[in-house]
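K.L.:
So the chains spell out like this:
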Amino acid sequence: MSRLNIIFLFAFLVTMNSWAQNNHNYKVTYQTKIIKPQKKNNTKEDKTISAEEKAANRYKEIIFNDYLYSMVAISELKIIENQSTYKTRKTLDEDEIKASVRNFFNSITKNSGEYYYNLKTNEELLAKNTFGKDFLIFNQRNSISWTITKDKKTICNFICYKATATLKVKNAVNKGAKKKVTVWFTQSIPVSFGPFDYSGLPGLILEVNVTSNYGSILTTANKVDLNVKELKIKAPTKGKKVSLEEYEKISRNLLKKGSYLN
Amino acid sequence: MKNIFLTLFLAFSFISADSPINIDNSEETSECECKTEDTPDSWCRGVANRAVYDYFQANPNASHEDAWNYEVAIYSLCRFFEDQYQIGNN
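Chains as they are written, first to last, in my numbering: chain S, 1 to 262; chain W, 263 to 352.
Worth flagging that the hints you see were computed from the coordinates, not collected in a lab.
Here a beta-carbon is modelled for each residue, glycine too, at the ideal position from N, C-alpha and C.
There's no promise every hint is true.
[To be verified] Covered by chain W, according to a simulated footprint, are these stretches of chain S (three or more residues, beta-carbon under 8 angstroms): (1) 52 to 58; (2) 95 to 101; (3) 107 to 116; (4) 138 to 152; (5) 161 to 172; (6) 210 to 219; (7) 229 to 237.
Using the sequences and the hints, build the whole thing.
P.N.:
Structure, rendered in structure tokens:
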């Protein structure tokens with residue numbers, strides 16, 4: 001192949017990629033739930049445990065079994081050209097307990113806040129209300145080292161391929177904490193976007209599965225709208241603008257008091 | 263005041279957030295001797311504090327937001343039951 005042919009081929013691929021990223025608007029609805037693990041939780045049965053510990057165990061059982069495993073979050077991913085937003089629909093809970101467990105559910109499933117991502121500049125923003133304040137956390141998105149497999153399955157009538165990665169947990173108490181993430185993406189929709197802050201694959205991510213100690217956190221697309229007209233994306237602006245590092249520092253400082261409660 | 267041990271211990275543990283969380287339970291029995299002095303608020307703060315301590319041990323990948331929301335959820339649930347109990351006894 002001559003040098004000229006290689007240049008043309010390269011130009012064609014760049015143009016095709018640019019076309020794929022620029023000419024379609026999408027809206028995808030996802031559903032997130034926590035799959036209860038099979039093994040029993042190791043609650044201490046020791047009779048010498050303190051009254052506080054007994055109460056803590058009792059309330060933990062109520063939170064997980066009566067609330068958490070039956071909760072579902074519905075979220076929307078909007079994609080226009082080089083930008084995306086991912087946001088969970090607000091849920092009106094009937095009482096204060098359910099509302100507080102909902103916050104915990106949204107926190108561990110990462111459905112709290114609005115994610116904004118600009119593929120062109122690689123800038124990401126996460127607007128969230130946490131620790132009683134509004135934050136606007138800005139960051140340059142790190143590229144994820146995905147391992148793409150040959151496994152495939154169908155989601156919303158799209159053939160999807162499996163990819164896996166091991167990622168650092170942002171804002172973890174244990175700074176070295178990592179999590180294993182499995183995603184399913186479709187090359188039928190050739191845009192490099194996905195829910196939360198997952199991206200970087202040669203197709204739209206339609207399912208995310210994150211392993212955790214309280215069960216698998218499963219986010220699956222249940223509706224994909226192609227070429228949506230009148231779709232708008234606006235980068236969030238509400239909240240104190242901080243870098244990811246500054247935000248993690250703020251979080252750590254809260255724990256120096258020994259408790260998050262005031 | 264009964265959760266002062268845990269509070270101080272957690273505070274000490276998290277000042278050096280770079281290191282993994284290793285918590286020694288050996289002096290646990292000293293924390294529970296003054297329950298009668300507790301108000302629902304102080305009792306539930308102690309319970310929530312205890313729950314977060316267990317949560318960190320069970321979930322080394324926990325984030326600060328997760329722990330904060332868990333503490334608030336445990337506290338809300340505890341206050342609900344404690345307030346019901348107080349009403350029932352008046």
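K.L.:
Against this structure, judge whether each hint is valid.
P.N.:
These are the hints, each one checked on the structure:
For the segment 52 to 58 of chain S, the proposed coverage by chain W is satisfied: 5 residues have a C-beta within less than 8 angstroms of a C-beta in that chain, meeting the threshold of three. Counting residues of the segment 95 to 101 of chain S whose beta carbon lies closer than 8 angstroms to any beta carbon of chain W gives 4, which meets the minimum of three for the stated coverage. Residue count for the segment 107 to 116 of chain S with a Cβ under 8 angstroms from a Cβ of chain W: 3. That meets the three needed, and the coverage hint holds. For the segment 138 to 152 of chain S, the stated coverage by chain W is not satisfied: 0 residues place a CB nearer than 8 angstroms to a CB of that chain, which falls below the threshold of 3.
A stretch counts as covered by a chain when three or more of its residues have a beta carbon under 8 angstroms from one of that chain; for the segment 161 to 172 of chain S and chain W the count is 4, and the coverage holds. Counting residues of the segment 210 to 219 of chain S whose C-beta sits closer than 8 angstroms to any C-beta of chain W gives 3, which meets the bar of three, so the coverage hint holds. Judged by the Cβ-Cβ criterion of 8 angstroms, the segment 229 to 237 of chain S is not covered by chain W as claimed, because only 0 of its residues qualify and three are needed.
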